[in-house]
Structure formats: C-alpha cells, structure tokens
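Colleague: Sequence:
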Amino acid sequence: MTTNGPSTSNVVLVLGNFVGVDNVLKLSENSRYEFLPSSGEANESWKGSQPEGQQLKPPFLCLKIGEHLFDPRGWVIGSHSDSDTCDVQLAENNQTGISRRLLRIDISPVTHNPRVTVLSDRKIRMQDGDRLLICRPDEPAEFSRPVTIDLGAVSFRAWPSTRMIAESREYKAMARQFSEDILYAMPKYMPSIKGQPETAKHNVRYGRNGAVYVNEWGIESKGMCASVMMVKDRKTGNIFGAKEPYYGPRDNHDTARKRFEASQMEYKHIVQLDHIMVEYIPLNLREALLDLDARSRLKVLTHLSSALYHMHELGITHRDVKPDNALVEMGEDEFIVKLADFGTSKHSVTGKMDTFTRTEIYMAPELFEKPRHYTNKVDIWALGLIGMELFTAWHPASDDKWDGP
Numbered sequence: 001m002t003t004n005g006p007s008t009s010n011v012v013l014v015l016g017n018f019v020g021v022d023n024v025l026k027l028s029e030n031s032r033y034e035f036l037p038s039s040g041e042a043n044e045s046w047k048g049s050q051p052e053g054q055q056l057k058p059p060f061l062c063l064k065i066g067e068h069l070f071d072p073r074g075w076v077i078g079s080h081s082d083s084d085t086c087d088v089q090l091a092e093n094n095q096t097g098i099s100r101r102l103l104r105i106d107i108s109p110v111t112h113n114p115r116v117t118v119l120s121d122r123k124i125r126m127q128d129g130d131r132l133l134i135c136r137p138d139e140p141a142e143f144s145r146p147v148t149i150d151l152g153a154v155s156f157r158a159w160p161s162t163r164m165i166a167e168s169r170e171y172k173a174m175a176r177q178f179s180e181d182i183l184y185a186m187p188k189y190m191p192s193i194k195g196q197p198e199t200a201k202h203n204v205r206y207g208r209n210g211a212v213y214v215n216e217w218g219i220e221s222k223g224m225c226a227s228v229m230m231v232k233d234r235k236t237g238n239i240f241g242a243k244e245p246y247y248g249p250r251d252n253h254d255t256a257r258k259r260f261e262a263s264q265m266e267y268k269h270i271v272q273l274d275h276i277m278v279e280y281i282p283l284n285l286r287e288a289l290l291d292l293d294a295r296s297r298l299k300v301l302t303h304l305s306s307a308l309y310h311m312h313e314l315g316i317t318h319r320d321v322k323p324d325n326a327l328v329e330m331g332e333d334e335f336i337v338k339l340a341d342f343g344t345s346k347h348s349v350t351g352k353m354d355t356f357t358r359t360e361i362y363m364a365p366e367l368f369e370k371p372r373h374y375t376n377k378v379d380i381w382a383l384g385l386i387g388m389e390l391f392t393a394w395h396p397a398s399d400d401k402w403d404g405p
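In case it helps, the UniProt record's numbering puts the sequence shown at residues 1 to 405.
Take these hints with a grain of salt, some might be off.
[As the list claims (entries may be wrong)] Using C-beta positions, here's what the derived DEER-type ranges look like:
no.	residue 1	residue 2	range
1	Asp82	Leu290	49 to 59 Å
2	Ser7	Arg286	27 to 37 Å
3	Arg286	Ser144	40 to 50 Å
4	His395	His373	49 to 59 Å
The hints are simulated quantities; they were obtained by calculation from the structure and are not laboratory data. All of these numbers come straight from a predicted model, not from anything done at the bench. For every residue, glycine included, the Cβ atom is placed at its ideal position computed from N, Cα and C.
Model the full structure from these sequences, guided by the hints.
Modeller: Quick look at the structure:
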C-alpha cells in the first residue's frame with residue numbers, strides 16, 4: 001500500500017475506474033499495488049493528463065519499476081490466482097472470458113512509454129479519447145496518454161503520471177535498468193565458437209527448458225550485426241541457427257532489447273526465433289535465384305512484400321532488405337521465402353528516421369541526402385531492386401552505372 005509521494009519517477013502506470021470486478025484489492029495479491037492519493041491539490045501529478053471533467057474512482061493500483069514484478073519482462077494481468085503466474089488478477093476464473101494470462105504491461109525500449117501486449121489468442125480494445133485501438137496478440141501497443149482498456153467482462157482506466165524534468169530524467173534511467181534486467185534474465189551462452197569438439201564449452205549454447213545446442217559445423221555466415229552458426233539440439237536432433245549479435249561499446253540496454261524484440265516477430269514470412277536459436281534455412285535468395293522459375297520468382301516478391309507489410313504495420317523498418325537476407329525453403333510441395341537478419345531494423349513511432357546502416361547498392365536515394373530523413377519506404381525501394389534482379393537482366397555486380405555515393 002502506497003501513498004502519493006513527492007516523486008513519480010518510478011511510476012509506469014496507475015490503474016483505476018474498475019468496472020466488472022467487485023473488489024479488485026481482494027483478488028490474489030493485488031493489495032500490494034494499492035495506491036492511496038493524498039488529499040488536497042498540492043500534488044496531482046499522479047492523475048496524468050486526464051481530459052477535462054474525467055472522474056477517477058478508487059481503488060487505484062500503481063505499477064512501479066522494480067516493485068512487485070515476478071517476471072522481469074513486465075506485469076501480467078489476467079484471471080490466474082497465483083501471483084507467480086499473474087501479477088494482477090482481475091477475475092476469479094477464466095469463465096468470464098478473462099484468460100489466466102491475458103496481457104502484459106511493460107515499457108517500450110524506444111520511447112519508454114507503457115505498452116500493452118496481448119498474450120492470449122483474443123483481441124482487446126483500448127480507447128484513447130475518440131480513438132479506438134485494437135490490440136492484437138503479440139503486437140505491443142504503446143500509449144502516452146490516459147486510456148480505457150476494455151477486456152469485455154472487465155474494463156479499467158490506465159494512465160502514466162506526469163513528471164517534472166528531473167523526474168523524467170530519473171524515470172528514463174530506471175526504464176533503461178528495466179531493459180537491462182530483461183536482458184540479464186535471458187538464458188546465457190558461452191563466448192564465441194573457436195573449436196569443433198562437442199565437449200568444448202564454447203561450442204555449446206543453452207536454451208529454454210534445459211535445451212542444449214551443440215555446434216558441429218563452425219560459423220555458417222556473418223552479417224552486419226551478428227554471426228550465425230548451425231547447431232543441433234542434442235535431445236531432439238533438430239537443426240537451428242544460433243545467432244551471436246555484435247554489440248558496440250556504445251550500445252545501451254534499450255538498444256540491445258530493441259534488437260532482440262525485432263528478431264522475435266512471429267510471422268509466416270519472417271524467420272522465427274527460439275530465444276537465441278533461429279530456424280535453420282541453409283539457402284538464401286541470391287544462391288537460389290538462378291534455379292527459380294517465373295512462378296517461384298513471383299512468389300518471392302509476394303512473400304517479401306507480405307513480410308514487410310507486417311513489419312511496417314508494427315512500426316519497424318528492416319533497413320537491410322537484400323537477397324542475402326531472404327531465406328528460401330524449397331520442397332516437393334512447398335516454396336516459401338522468409339525475411340531474416342533484423343540486427344539493423346529500427347522501430348519508429350513517427351515513421352521518420354535519420355540514422356541508417358548500409359548495403360549501398362540497395363539503398364534508396366534519400367539515404368544519401370544530408371540532412372538525412374527517411375521512412376520505411378526505403379525497404380520498398382530495396383524490394384523493387386530485388387524485383388529487378390528477379391525479372392530483368394539487371395545484376396548489382398555488373399551495374400557499370402553504379403559508382404557508390
């Protein structure tokens with residue numbers, strides 16, 4: 001139980017105006033989040049930027065960085081009564097449609113705004129004034145203003161508090177610590193691979209649920225932001241690619257977490273990540289290009305377009321679309337192309353960016369301009385060049401008109 005104090009530097013969200021739940025404080029261990037504002041108007045920063053006339057009704061719950069958080073990735077909300085599984089319980093059981101683990105609230109590594117991610121297979125609604133947001137499974141939705149979260153049987157209001165300059169600075173530092181805690185909670189793996197024997201520790205990677213991955217082939221490829229080794233799950237025999245990212249000395253934990261989240265996107269035309277292990281797909285588009293017929297080449301553009309549409313809908317720009325990063329699975333009855341290597345991808349709320357990474361021949365013209373301002377359309381430019389390679393005689397290696405920037 002907390003009382004409104006002089007600082008809101010560690011407050012992520014305040015929850016209130018609960019509808020559909022009789023006494024939220026009596027469920028599970030919700031009372032540990034209880035927030036009791038002090039009377040008077042001396043300090044009303046906890047109310048955030050509520051619209052004029054908005055009434056706030058207790059009880060209030062307050063989510064603070066570093067407090068009462070079982071899973072370092074964020075606060076889980078649902079109907080499960082075990083606080084080690086669900087931090088905030090909003091229903092006695094899942095018969096009301098509130099899943100045991102319905103959603104997670106965390107902090108964006110890019111903007112440090114609170115985010116809602118749906119963990120179940122249903123959609124939830126989030127009302128921001130006159131604007132209705134639909135939150136879909138595994139697609140984080142962030143917000144910076146008060147919203148009403150509608151779960152169907154239960155609804156509540158959620159808002160970040162307002163902060164002074166000094167408090168904002170403290171909050172930013174704590175938010176970065178939040179990202180650091182998430183990264184430190186991930187399964188660790190050994191240093192870079194240098195030898196071949198299975199018994200060598202540097203050839204072993206450890207994953208979830210006791211999984212052990214062994215490298216038997218050395219480094220398969222090197223990208224701009226990571227190396228990939230082909231490894232085998234010692235128990236199942238399944239083959240994966242183990243990624244070892246390159247991190248610069250100036251990369252902070254927000255940057256590392258942002259890259260990790262980008263590589264976790266789940267979509268049929270995006271290479272899937274099993275923690276540090278990715279699908280092993282040995283053939284890329286550049287290697288497969290000469291063997292593709294017209295029908296398969298059309299599928300390449302369709303699949304890559306679909307992957308980019310999915311990324312752009314999430315506010316993520318790949319920034320290094322090229323044949324080497326398009327992996328091809330070919331079988332007797334299957335042909336599928338998946339976009340890979342998200343080490344250079346960037347999340348942008350506004351859609352405008354001014355830093356970039358390079359594979360110069362596939363870079364859009366605006367990337368060479370100064371000052372540099374561009375959007376996710378740079379991915380579409382690169383996709384167009386891939387289309388030229390697929391359906392014309394143009395090849396970047398033989399382009400005598402290309403002389404670089």
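Colleague: Indicate, hint by hint, whether the structure satisfies it.
Modeller: Here is how each hint holds up against the structure:
Range check, Asp82 to Leu290: Cβ separation about 56 Å, and the 49 to 59 Å hint holds. About 55 Å separates the C-beta atoms of Ser7 and Arg286, a value inconsistent with the hinted range of 27 to 37 Å. Between Arg286 and Ser144 the beta carbons are some 42 Å apart, a value that agrees with the proposed interval 40 to 50 Å. His395 and His373 have their C-beta atoms about 30 Å apart, which leaves the hinted 49 to 59 Å range violated.
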